[in-house]
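A.B. asks: These are the residues of each chain, in order.
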Amino acid sequence: MNFKMSVVVRTVADIMIIPIIVFGIYLILHGHLTPGGGFQGGAVIASATALLIVAWGTLKDNKDDFSTMESTGLTMFFLLALLGIIMGFSLFYNSLAGTGGIFGGTVSGINPGYINTGGTVPLMNIVVGLEVVAALSLILYMMAKRSDALEVEE
Amino acid sequence: MLYYILQVLVLIGLVSTAVAVIWFKDLISAAIALGASSLILALQFYLLRAPDVAIAEAAVGAALTTAILIFAIKSTDRTEGYK
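Protein chains in written order, with this note's numbering: chain S, 68 to 221; chain X, 53 to 135.
In short, the hints are calculated from the structure, not lab data. Where hints are given, some of them may not hold.
Claimed, not checked - Counterexamples of contact, computed for chain X against chain S with all Cβ distances above 12 Å:
no., residue
1, Ala82
2, Ile107
3, Glu109
Said to hold, decoys possible - Have a look at the derived ranges for each label pair, beta carbon to beta carbon:
no., chain 1, residue 1, chain 2, residue 2, range
4, X, Tyr55, S, Leu100, 25 to 31 Å
5, S, Lys127, X, Glu132, 48 to 54 Å
6, X, Ser81, S, Gly176, 43 to 49 Å
7, X, Thr131, S, Asn178, 55 to 61 Å
For each residue, glycine too, the CB sits at the ideal point set by N, CA and C.
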């Protein structure tokens, strides 16, 4: 995809990625309260990348950034899983729930769903979202670049 | 009653888009029809009270798969069949 589409398509794509990314961040941050989570929000944000690549042609070469982001997300996920062992419990134990601080609030009874709860679950949603955004954007970028290379050969 | 009417409409849309995917000889039209089929399938997941799966199906099936298929079609032939 080494050609730009018309200025109408490019402007609409530039405007539309803002609500798409905000909705994806909403899905990731409310993953422990409402339907959604790390994978769904990450896929929604990656569709904004697809929109940009279709409208603007191939983006600049940021393959290493995506790769670093993906590795960081997976490493942080495993470190959060190990945090249970470090705190003296088992693997994947939710050791931050109810301890205060960020995402450590407590709830009681019927409540509307407070975002400051959940312990390690929202943190895992955030790092999984980071990883999914990077991985799907990397797949889209590599597919677009490869189709460029094949087009030049012909 | 409205629920059953919606179910029948979703079934008709799902079958007709799936037939259209096979019927089109232009592969980009087939990819767009596959995206529409995914979107109707996401509506069906929502009606069956699985909004979690519906979000994943709409994001992956309608947006990302269509984009990847179109990139792949652009680097190969656009029409179906051997030359």
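A.B. asks: Would you mind marking each hint as holding or not holding in the structure?
C.D. replies: Now for the hints, and whether the structure bears them out:
Listed as a non-interface residue, Ala82/X keeps its Cβ farther than 12 Å from every Cβ of chain S; the least gap is roughly 17 Å. Remark: the non-interface label on Ile107/X conflicts with the geometry, its nearest Cβ contact in chain S lying 4 Å away (cut-off 12 Å). Not every C-beta of chain S lies more than 12 Å from that of Glu109/X, the closest at about 10 Å, which undercuts listing it as non-interface. Take Tyr55/X and Leu100/S: their Cβ atoms lie about 27 Å apart, and the range 25 to 31 Å holds.
In this structure, Lys127/S and Glu132/X break the distance hint of 48 to 54 Å, their C-beta atoms being roughly 35 Å apart. One distance hint, 43 to 49 Å for the beta-carbon pair Ser81/X and Gly176/S, is violated here, with the actual separation near 55 Å. In this structure the supplied range 55 to 61 Å holds for Thr131/X paired with Asn178/S, their Cβ-Cβ distance being about 58 Å.
Hints 2, 3, 5, 6, counting from the list given before, are not met by this structure.
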